[in-house]
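A.B. asks: Given next are the chains, with one letter for each unit.
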Amino acid sequence: MEDFRKKLKIRSTVLLIICCLAPALYIALRLITKGASDFAQGLSMGLLTSIEVCSIIGLVEALVLLRNEKSLKEKYIAVTDERNKAIEKETALKFLPVSTYGIGFAAVAAGFFDIKICITLTAVMLFNLLVFLALKAYYMKKM
Amino acid sequence: MKNKIQEMRKARRVTQQELADALSVTRQTIISLENGKYNASLVLAHKAAQFFFVPIEELFIFEDDENIDIAEALLNSPAFRKN
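Line order of the protein sequences matches chains A and B. So the first sequence is residues 1 to 143, counted in my numbering. So the second sequence is residues 1001 to 1083, counted in my numbering.
If we strip away everything but chain A, and leave its shape as in the complex, we get (with noise of 0.2 Å):
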């Protein structure tokens, strides 16, 4: 469990840097995305306000789990508990194919309608595609 610790602590130094480098980062986008227009400052306002608040809701909850050890017991026994990393391996394994169908399904339909639609879709598709093949390559070498 000292490992499980030792992780946390990293984990909320890292959350606590990305909370107080919240109003530089701001800044910071509002002025790379200056001239841009409303829909796209906007999406990537969004997104770093998103950011912002899972990392505060990240730092809260590792900070109240470094202080309370019946917490941090039960947190760490869901966290490596074997059956739940089985859930999540199955979810995985089985979502590869749900989704490549189904965005392939829904590009062949968007192609009815809006071919820029139809030829983003295909894209994610074949992103998805090669991302589980580099992964898959890396496991094989690891394992």
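Certain hints may be false.
Subject to a maximum C-alpha distance of 27 Å in a straight line, what follows is the list of computed DSSO-like cross-link-like pairs (lysine-lysine) [unchecked claim]: (1) LYS70(A) x LYS85(A); (2) LYS1010(B) x LYS94(A); (3) LYS85(A) x LYS141(A); (4) LYS6(A) x LYS73(A); (5) LYS85(A) x LYS1002(B); (6) LYS1037(B) x LYS1004(B); (7) LYS1047(B) x LYS75(A); (8) LYS1047(B) x LYS70(A); (9) LYS1004(B) x LYS9(A); (10) LYS7(A) x LYS1047(B); (11) LYS141(A) x LYS1037(B); (12) LYS1037(B) x LYS85(A); (13) LYS1037(B) x LYS75(A); (14) LYS94(A) x LYS34(A); (15) LYS94(A) x LYS1037(B); (16) LYS1037(B) x LYS6(A); (17) LYS89(A) x LYS1037(B); (18) LYS34(A) x LYS89(A); (19) LYS1037(B) x LYS73(A); (20) LYS1002(B) x LYS94(A); (21) LYS89(A) x LYS1010(B); (22) LYS89(A) x LYS1002(B); (23) LYS1010(B) x LYS73(A).
Hint data in this document are derived by calculation from the structure and do not stem from the laboratory.
Once you've looked at the hints, dock chain B against the given chain A.
C.D. replies: Okay, now just chain B, sitting in the frame of chain A:
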């Protein structure tokens, strides 16, 4: 693969939560093991056997067809043929 976890746990008057805590897993994992919905890993099986002071093969029982597969593999293995 069947197991005698529930039987042994009840015989020793241990609750599912106590067993889960001892094996560092969630109570849900114990429930799934007892219901035969989940097969334990070698590490967990070893821990459980240690907890109950019994050999692994006494706690976890191979199904008949699983044993036959192993027997066939052994019979067909070159090492077995040599002997």
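A.B. asks: Taking each numbered hint in turn, which are not upheld by the structure, reported in ascending numerical order?
C.D. replies: 2, 9, 11, 14, 16, 18, 21
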